[in-house]
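Single-letter residue listing:
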Amino acid sequence: MASLGQFCLLAGFVVAAYAAAISVAGARRGSRRLIESGIGALYLTAALMTVASGVIIYAFVAQDFSIKYVQHTSDSVQPLFYKITSYWGGLDGSILFWVFLLSIFGATAVWINRERHRELIPYVVAVISVVEMFFLFLMIIHRNPFSTFLTDAPTEGRGLSPLLQNPYMVIHPPSLYTGFVGMTIPYAFGMAALITGHLDDSWLRAVRRWTMIGWLFLTFGLTLGMIWAYEELGWGGFWAWDPVENAGLLPWFTSTAFLHSVLVQERRSMLRVWNVALVIVTFFLTIFGTFMTRSGVVQSVHSFGEDRALAMMFTIFMIATLVFSFSLVVYRLPLLRSRHELDSWVSREAAFLANNWILLFAALFVLFATMFPTLSEAVTGERLTVGPPFFNRWMAPIGLALLFLTGIAPLMAWRKSTVANLREQFTWPVVTGVVTGVVLAAMGVRVWVSGLCFVLCAFVTATIVQEFVRGARVRQEGTGTDLLTAIVGLVGRSKRRYGGYIVHVGIVLAFLGFAGGGFKQEEQLLLKPGQQGTVGRFTVRLDSVQVTDDGQKQMITGHLTVFDGGKDTGHMYPAKWFFRRHEEEPTTEVAIRRGASEDLYIVMPAFDLKDQSASLHIVINPLVDWIWIGFGVMALGTGIALLPERVVSFAAAKLPAGAVPSAPIVLLIVLLLSGVVHAQHTESGQAVPIVSRSPLEREMQRSIICMCGTCGRQLLSECQCSRAVDMRAELSRLVNDDHKTREQIVQYYLAKYGSQEPLASPIDTGFNRLAWAVPYVLGAGGLVGVGLVAVRWSRRSGSNHESEPVQPTTLDPADRDIEARLDDELSDLD
Amino acid sequence: MSAKVIRIGLTACVLVLAFGGLLWSTLRDGTEYYKHVDEVMTRPDAWYGRKLQLHGYVVPASILRRPNTLDYRFQVQSKDKIVSAAYTGIVPDTFKDDAEVVLKGTLSPSGFEVEPNGVMAKCPSKYEAKPGSVASAKPPGA
Numbered sequence: 143m144a145s146l147g148q149f150c151l152l153a154g155f156v157v158a159a160y161a162a163a164i165s166v167a168g169a170r171r172g173s174r175r176l177i178e179s180g181i182g183a184l185y186l187t188a189a190l191m192t193v194a195s196g197v198i199i200y201a202f203v204a205q206d207f208s209i210k211y212v213q214h215t216s217d218s219v220q221p222l223f224y225k226i227t228s229y230w231g232g233l234d235g236s237i238l239f240w241v242f243l244l245s246i247f248g249a250t251a252v253w254i255n256r257e258r259h260r261e262l263i264p265y266v267v268a269v270i271s272v273v274e275m276f277f278l279f280l281m282i283i284h285r286n287p288f289s290t291f292l293t294d295a296p297t298e299g300r301g302l303s304p305l306l307q308n309p310y311m312v313i314h315p316p317s318l319y320t321g322f323v324g325m326t327i328p329y330a331f332g333m334a335a336l337i338t339g340h341l342d343d344s345w346l347r348a349v350r351r352w353t354m355i356g357w358l359f360l361t362f363g364l365t366l367g368m369i370w371a372y373e374e375l376g377w378g379g380f381w382a383w384d385p386v387e388n389a390g391l392l393p394w395f396t397s398t399a400f401l402h403s404v405l406v407q408e409r410r411s412m413l414r415v416w417n418v419a420l421v422i423v424t425f426f427l428t429i430f431g432t433f434m435t436r437s438g439v440v441q442s443v444h445s446f447g448e449d450r451a452l453a454m455m456f457t458i459f460m461i462a463t464l465v466f467s468f469s470l471v472v473y474r475l476p477l478l479r480s481r482h483e484l485d486s487w488v489s490r491e492a493a494f495l496a497n498n499w500i501l502l503f504a505a506l507f508v509l510f511a512t513m514f515p516t517l518s519e520a521v522t523g524e525r526l527t528v529g530p531p532f533f534n535r536w537m538a539p540i541g542l543a544l545l546f547l548t549g550i551a552p553l554m555a556w557r558k559s560t561v562a563n564l565r566e567q568f569t570w571p572v573v574t575g576v577v578t579g580v581v582l583a584a585m586g587v588r589v590w591v592s593g594l595c596f597v598l599c600a601f602v603t604a605t606i607v608q609e610f611v612r613g614a615r616v617r618q619e620g621t622g623t624d625l626l627t628a629i630v631g632l633v634g635r636s637k638r639r640y641g642g643y644i645v646h647v648g649i650v651l652a653f654l655g656f657a658g659g660g661f662k663q664e665e666q667l668l669l670k671p672g673q674q675g676t677v678g679r680f681t682v683r684l685d686s687v688q689v690t691d692d693g694q695k696q697m698i699t700g701h702l703t704v705f706d707g708g709k710d711t712g713h714m715y716p717a718k719w720f721f722r723r724h725e726e727e728p729t730t731e732v733a734i735r736r737g738a739s740e741d742l743y744i745v746m747p748a749f750d751l752k753d754q755s756a757s758l759h760i761v762i763n764p765l766v767d768w769i770w771i772g773f774g775v776m777a778l779g780t781g782i783a784l785l786p787e788r789v790v791s792f793a794a795a796k797l798p799a800g801a802v803p804s805a806p807i808v809l810l811i812v813l814l815l816s817g818v819v820h821a822q823h824t825e826s827g828q829a830v831p832i833v834s835r836s837p838l839e840r841e842m843q844r845s846i847i848c849m850c851g852t853c854g855r856q857l858l859s860e861c862q863c864s865r866a867v868d869m870r871a872e873l874s875r876l877v878n879d880d881h882k883t884r885e886q887i888v889q890y891y892l893a894k895y896g897s898q899e900p901l902a903s904p905i906d907t908g909f910n911r912l913a914w915a916v917p918y919v920l921g922a923g924g925l926v927g928v929g930l931v932a933v934r935w936s937r938r939s940g941s942n943h944e945s946e947p948v949q950p951t952t953l954d955p956a957d958r959d960i961e962a963r964l965d966d967e968l969s970d971l972d
Numbered sequence: 014m015s016a017k018v019i020r021i022g023l024t025a026c027v028l029v030l031a032f033g034g035l036l037w038s039t040l041r042d043g044t045e046y047y048k049h050v051d052e053v054m055t056r057p058d059a060w061y062g063r064k065l066q067l068h069g070y071v072v073p074a075s076i077l078r079r080p081n082t083l084d085y086r087f088q089v090q091s092k093d094k095i096v097s098a099a100y101t102g103i104v105p106d107t108f109k110d111d112a113e114v115v116l117k118g119t120l121s122p123s124g125f126e127v128e129p130n131g132v133m134a135k136c137p138s139k140y141e142a143k144p145g146s147v148a149s150a151k152p153p154g155a
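Protein chains in written order, with the working numbering: chain A, 143 to 972; chain B, 14 to 155.
Simulated from the structure, these hints should not be mistaken for lab results. Any given hint could be a false lead.
[Said to hold, decoys possible] Far from chain A, some chain B residues (derived; all Cβ distances over 12 Å): (1) Ala16; (2) Val18; (3) Leu30; (4) Leu36; (5) Gly62; (6) Ala74; (7) Leu83; (8) Ser97; (9) Thr101; (10) Gly102; (11) Ser123.
[Claimed, not checked] Cross-link-like lysine to aspartate or glutamate pairs, in silico, EDC-like; alpha carbons within 16 Å at most: (12) Lys94/B <-> Asp879/A; (13) Lys92/B <-> Asp880/A; (14) Lys64/B <-> Glu839/A; (15) Lys48/B <-> Glu524/A; (16) Lys92/B <-> Asp692/A; (17) Lys92/B <-> Asp51/B; (18) Lys92/B <-> Glu519/A.
[What the hints assert, rightly or not] In silico contact screen, one side only, chain A against chain B (beta carbon under 10 Å); selected entries: (19) Pro515; (20) Trp536; (21) Thr699.
This one's a predicted model, so the numbers in the text were calculated from it and none came from an experiment. The beta carbon of each residue, even a glycine, is placed where N, CA and C say it ideally should be.
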C-alpha cells in the first residue's frame, strides 16, 4: 500500500512539472494542443492525489501500522469516523490533504473557466502546478506520509489526543484548509493576468467567486475553532490571540479587503495595483500561516513540532513567491495604471479604500504582535511577549472603525456624495444610533467600548434595513406585489449586493457577541456540599460530588443547583472524566446553559472526594451565542451572493415567494447540528509520559534515536521499548548529574557507538552541510530545468509564430465621459 | 502634482508617527519579559516589580495548598535555580510535580506573585500541532 502511495506522490510531482512546463510552452507557441495537454496533466495530478488520499485513508481503516504516519496518529480502538479523519490529524498527512484539495480546486477552476478565459488558462495551470510541486516536494523529500518502519512494525498506534477527538476538530481543519487553498486560485489567475498582460477586469470576474468561496470556508473554519475552544477547553473564552489562531485570521483580513476593493475596480477601474497586491498578499499569508503553525518559529505554550528543515524550505518558497509576484507587478505597472482619480473623499470608493486600509492595518498589526516575541529576540536578544490585553486594546478600536464603515460605505454614492443625499441616507440610521445610545446610557451601561459597539450595531442595522425597505418599495411599485415577495425578488435580482448586506447583518450580530464580552463576569469558588456562591444574578449551590463509571471512563460530576435571582432554575452538571489508561489526562466537561442574553458557563477544574468539595470556575458570558448565529447569517448571505444566475431565475419562476435558496441553509444546519452534538471522547492508547527535567534534556531526546535496532530509528523522546528507557536514563544522568553540554553529549555518543548513527540528523558542519544542501539544490535545479524546457520549447516556434503583443484597452476622452455617465446611471442597479 | 505628493507624504508621515507613538506607548506596558527561572534568579533584584513570564519546571513535592482555599504555594526550578511562587485560583490539570510551566506575574523579594489565570502548564504528552487550532490543554486566559 505504502509503495502505491509513494508512487502517486512521485508521479504527481512529475506530472505537475510537466503541466507547468507544457502550459507555458503552449502559451508562448500559441499551440492549442500543448495547452490542452497541460490542462490534461493538471487533471491527472488531481486524479493522482485522489488516489494517494484513497491509499492513506485505506491504510488508516485497515490499521496498517507499518506506515509511520498511521501509527502516529491513530490506533485500533478509534471509531471508524476518527480513523478516517486522522488523515489530516498530523503534519505529514495535512500537507497531503492540502495538495489534494488544491489539485481538486485547481482542476475545477480550470474546468469552469477553460472557455471563458482561454488566454489566461495556461498560466493558471502553470502557477497551480508549481504550488503543487512545492508541497509535493516537501512530502517526498522531508515529510513523507507514506514512509514505513524499516524493521518490525509496531502492532498498535499511538492515537490522537482525546482533546482533538471531537466533531468540531474533525470539520475545523479541512474547512480552514479549503479556505486557504481557495485563495490559491485567485492568486493563480492574478499571476496569469500579470504574465499575459490581459489586465482588463475579466480576470477579476473569474476570481471573485473563488475568493468568496475561500472566504466562506475560512470564516467557517475560524468560527468552528472558536466554538471548539469555548466548549472543549473550559477556560471561559473563545479567542486567546494565540499564534495558531492568528495564522488563520491574517488571510481573512486581506481577503475581506479584496472582496471590497474588487467592487471599486469593477465600477471605477481604480485600485488596480492594490487589488493585485491584495491577491498576492492573501496567498502569501496562507502559506505564511501554514509555515508559522508547522515550523515552530513562533513559540507559545502550545507544543508545536519544531522543524528547522521545513522552516527553511518554506522560507525559500515564500521569498521566491514574493519576489516573483511583485517583480511581475512592477513590470506590469504601466498597464495597471488606474483610469480614474478619486473624485471626492465623500464617496463610496473612498469609504472602501478606508475599509481596505484598516483591514490591512489590522492584518499587519496582528502579524507584528504575533511575531513580536521572535522579532524582539532577534533584535535585542531579550524575549518579550505581548498578551491578549495588548491585542484587545488595539483590535477593539480597529473593529469599531470597521463596523462604522460597514454602515456608511454602502450608503455613499459612487464618485461623490452630495450633502442632500447624505442627509437623505443617514437621517434615520443616525437617529437610531443616537436613540440606542441614550437608552443604553439611561439603562446604566458604563463599559464605553461595548456601549459604542452597541450604538454602531444599531446604526449599521438601520442602514441595512433602510436599504432593503427602499429597494423593496421601489420594486413593489414596479411589480405590484406584496412586500415579502418584493424583498425576495430584490435579493434575487442583485444577489451580490443584497447577499453582501446579509453578510453585514451577520457581522453586526457577531459584533454584538464581541461587545458582550465587555460585561463578562467570572468567579472562582471553592464550595462544600450545601454551600453556595453568587456570580452576577446567579447563585450556584453545590449539592454533591458524585463518582460514576461507565466502563470506559470514570466520571466525577458536580451536582449543582442554579438560582436565577433567587428562583430555582434547575441543575447543572460540570464534570471531569478520567479515561482508562489515560488517567493522567482528565478531560474537562463544561456545563453551559445557553441563552439569547447570556451563557452561564461552569467548569469544575478540581474536586476533593474526601470532603466532597469542588472548585468551580463560573463565567457569565453575555451575548456570546450571537457570534455563532452571526456566522450562520454570514454563510446565508455569502451563499446568496454565490448562487449562479440560473438557479435564481429558476427558483423565482418555480417557487412561491419566501422560498430561500437551499445551499446556505444546508451550511446553517451543519453549524447548528454541530452545536447540538456533544463533544465526544474516545480512549486512545498513548505513550507513558516521558518527563524531562530541563530544556537541554528535552532537546537531546529529540535529536538522538533509540539504538535497539528494532524500532526503526524512533526518536528517544518517542520510543517505548526498554532500551529507550535505559538510554533516557543515561541521557538524564549526562545532562542533570554530569552537567554536560550539548556538544559533550554528542561527542559521548559518537565515541560510544563509533559513528553518527545515534544522531537523528547529521552534524551541521563541513561535508555534512553539503548533505543538507542536496535537496535544496535538487529542488532549485529541477525548477530551473522546468523553466528552461518551457522556454526552449516555446522558442522553437518563435520564428514562425510570433504571439501578438497585447494591447491595453485604452479609451479616448469621449468614451471616458460616456463611461462616467454610465457609471452614474448604473449606480442604482449595482 | 508635486503639491499632491507633498500632501500625501505629510499625511503618511503624521499617520506613521501617530501609530508609531501609540504602538510604542502601548507596547511599554503591554509587554512581558519571557525568562527562564535561572536567568532571573542569578540576579533577582534586577527583576523586582517587573512583569514577567517565567518558564520552569515544578519542583517535585513542592506544591502546597491551604486547606479549603484555592491558595497555592509551590516552587519552580530550572538548572538548579529555584524560586517559590504563590497563586490563588484554579490550576490546570497538567499542573503537577515536574510539569513544565509558564507563570505570569511579578517577582518580589518574598517570591513570585502569580497573577490570576497566570499558570500555564505544558502537557507532558506529545501533541501534533493541528492546523489553525489550539493544540494544548489550556491557552492563556483572556
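### Message
Are any of the numbered hints broken by this structure? If so, which, sorted upward?
### Response
4, 7, 9, 10, 14, 16, 18 and 21
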